[in-house]
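Peer 1: Listed below, chain by chain, are the residues.
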Amino acid sequence: MSSSATTVDPAEVARFSRLSAEWWDPAGKMAPLHKINPLRLTYIRDAACRKFDRSARSLGCLSGLRILDIGCGAGLLCEPLTRLGAQVVGVDPSESNIAAAKVHAAKSELLIDYRCTTIEEMNRHERFDIVLAMEVVEHVTDVGAFLDRCAAMTKPSGFMTVSTINRTLKSFALAIVGAEYVLRWLPRGTHQWSKFVTPDELARHLERNRFGITDQAGVVYSPFADRWSVASDVDVNYMLIAEAV
Amino acid sequence: MSDHSGRHPVQPIAVVGGGPVGLAAAIALASTGENVTLVARKVPYVDNRTTALLGKSIDFLDDIGVWRLCADKSAALKVMRLIDDTGRLVRAPEVRFSCEEIGRAAFGYNIENRLLIAALEQRASECASLTRIDDDAAGIIPGDAAVNVIAKGGQQLNARLVVGCDGRHSLCREAADIAVERRDLGQTALTFNVSHTRPHRDTSTEFHTPSGPCVFVPLPDQRCSVVWVSRPDEAARLSALGDAELGRAAERQAHSILGAMSVEGARFTFPLSIERPARLAAKRIVLAGEAAHVIPPIGAQGLNMGLRDASDLAELVAECLALGGDPGSDDVLAGYQRSRGADIASRTFAIDLANRSLISDFLPVQPARAIGLGLIGSIGPLRRLAMREGLSPSWRNNLLRMM
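Sequence order for the protein chains is A and B.
For any residue, its number in the working numbering is found by taking its place in the first sequence, counting from 1, and adding 776.
For any residue, its number in the working numbering is found by taking its place in the second sequence, counting from 1, and adding 20.
To be clear, the hints were calculated from the coordinates, so they are not data collected in a lab.
Check the hints yourself; a few may be wrong.
[Said to hold, decoys possible] Quick list of in silico lysine-lysine cross-link-like pairs, DSS-like style, CA-CA up to 25 Å:
no., chain 1, residue 1, chain 2, residue 2
1, A, 805, A, 883
2, A, 971, A, 805
3, B, 76, B, 93
4, A, 878, B, 303
5, B, 62, B, 172
6, B, 98, B, 76
7, A, 811, B, 303
8, B, 303, A, 883
9, A, 805, B, 303
10, A, 883, A, 811
11, A, 878, A, 805
[As the list claims (entries may be wrong)] Cβ-to-Cβ under 8 Å is the rule here; a few derived chain A residues that face chain B:
no., residue
12, 814
13, 821
14, 823
15, 832
16, 834
17, 835
18, 839
19, 859
20, 885
No residue lacks a Cβ here, since even glycine has one placed at the ideal position from N, Cα and C.
With these hints in hand, go ahead and build the complete structure from the sequences.
Peer 2: Given below as C-alpha cells:
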C-alpha cells in the first residue's frame, strides 16, 4: 500500500522470507541444526557465565557482551544470544543467508548487526568478548589463517568457541556415509572428510596465537532416542573453548 | 496473513483468564523473571465449589508461594472411602485408602475455591514481573510473530505466547482454530456445603449410586463439601428443596455416617460433559485448565490437572527462556503437547470409564467394576499404585525429561 519510492523487489523479499522460513523450521531442512542448537547454546552460555561470572539462570545473563558469530546462516544462534542480552554481530558470506536472517530478526523484533562478509574482510581492529566459529572450520580453505583472525579479534579477557567434526574413521562413517548418504540429513557433498580438523590440529593453530584449549566436549547422537547429547567422546562432532593464555 | 504486531509493543507472555489455573499459570510464568501480562477481569467468585488439591498440586502451589497463604484454610484428606451404593445384584466391596499406606501425611487438602483464588490473587499482586489488565479479552488474533490480544475496553497488546486459561468457551481455543469434541453426559452435579453433627475424621466418602457418585469431602471443622451427581431432573428437584429438606436428603444419602446435616449458603448445579480439544497448542497459543479439558468431578482430577498444565508449561517456558528462545515457538508448543497430551487423555478416559461403569445398567459391567474395585482394594501393591498414580502419575516426569 505504501510502496511509492522503494527499490525493494517484492519477489526478492518473498524469496528471502521463504528461505528464512526454511532455516527456521525445526522439522525442515535444517532439522539437524535445530536438534543440536540447544546443546551449542547451553555450551556457549555456560562458558560465558563461568568466564564473566554471571548466573546462567538469570534472564539477560549475557548482557553487555559483544559476540561475533562467524558463518551465522539465518541467525539460529544470533537470535537467542541477543535475547540473552548480548550485542551480536553475525557474518556470513552468503547474501541470501544474511537477507533471510534480517527478515527473521525483524519479525522477532531483535536488533542484530548482520553483515554479508567474511572474517578476513572485517576491520581487523574490531574486538569481541566471544568469537564463535560454529561448524565453519571444516569449510574454510586455510584453517590456520582463519583461526589467526579469530584469535586476533577475541579480546584478551574473552574466549573463542569452535565446533566442528573430527577427522577419524568413525567420523567418515557417521558424518559422511551416515548423515549424507544413509539418513540424508544433509545434502551429499556438504562435507569433505579431508577437510575435517582434529582437536590436535586446532590446538597447534591456537597455540601459535597464544590461545589454549580450556574445555572440550563431544556431541554425540543416540539413534534410538533420536537425541543429541554432550559427552566426552570427541571422535565425531566436538566443541571447544579456547582462551588467551 | 495479517500481522498486527507492528502497532503495539510485543510482550513475551500473556495469560488470558483469571480462574485458578490462569492465576497459577501467570504467577508461575512470572517467576521465571520474564514479564507476564494477565488479561482477566477481577470478579468476585460466586459459587461454592471446593477443590481437593492432591500430591503435586500442593508442591506446585508451595513453589509459587501460594500455599503458605491458604494452607490454614484447608482440611487434610487422610482417608478416602469408596462405597458401592448402587443396590445392584453384584456390589463392589467397600474400598478404603489411607494415606499412611503410602507414607504421606495426607492425600491432599480440600479448600473452597474462593479461598484458593483469594490466595492466588494476593500472590499475583505481589509479583513484580506480572502486569494485570483488569478486563476480559474480546479478541485474540494470531499472527506470524505474535498474537494480538484485545481487551473489551480497547486496550491491546501483542504477545509471543498466549496461554488460554479462559474456560469452556475459550476464545483462545477458537482463535487457535482448535476444534473441540464435546459430549454431554446427561448428568448434573449439584454442589453445596454442609455442617454436620459427627466428625468426618479427615475422611472423604464417595457413595456410588446408579445415577452417579455422591461425594462428601472434609472441610475445616465439622463441615463437608458435597458433590452430588444425578440425572438432571433429580438434580433440579434436589436443588429446589429448602435447606432443611436438602440437609435431610443429604443425610439419607450419606447413611447418616456424618450425623444430621445443615446446608450452608447457596447451592449450584453444573451439567456434566466431557470436552476434548483436538490439540493443546497451535499458532502461539497454548490451552490450559478447562479450555484444555473438561471432565466430570470424580476423583478431584479437574483442577489438579489444570495446575499440572500450569506447572509443566512454566517449566518448559523457563527452559526455553534460559537458552534465549522464543516462548511462543513451535518447540515450546510441541513440548507442551507432548508433556500434557498423554496425561490429559488417559485421565479423561479413566474418569469417563469410571463414571460410565457406575451409571451403566448393563449387567456385565457391574461384576467387572466390582472385581476391579475389589482387586484394587484387597491387593496391597495395587492399592498403593492406584493411590500414588492418582496423586501424581510417575511417568509424567519421564516424559518431560524426554524432551
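Peer 1: Please go over all the hints and tell whether each is borne out by the structure.
Peer 2: Here is what the structure says about each hint:
no. : hint            : in the structure
1   : 805(A) / 883(A) : holds, 21 Å
2   : 971(A) / 805(A) : holds, 23 Å
3   : 76(B) / 93(B)   : holds, 19 Å
4   : 878(A) / 303(B) : holds, 22 Å
5   : 62(B) / 172(B)  : holds, 14 Å
6   : 98(B) / 76(B)   : holds, 16 Å
7   : 811(A) / 303(B) : holds, 21 Å
8   : 303(B) / 883(A) : holds, 15 Å
9   : 805(A) / 303(B) : holds, 21 Å
10  : 883(A) / 811(A) : holds, 22 Å
11  : 878(A) / 805(A) : holds, 19 Å
12  : 814             : holds, 6 Å
13  : 821             : holds, 7 Å
14  : 823             : violated, 14 Å
15  : 832             : holds, 7 Å
16  : 834             : holds, 7 Å
17  : 835             : holds, 5 Å
18  : 839             : violated, 11 Å
19  : 859             : holds, 4 Å
20  : 885             : holds, 6 Å
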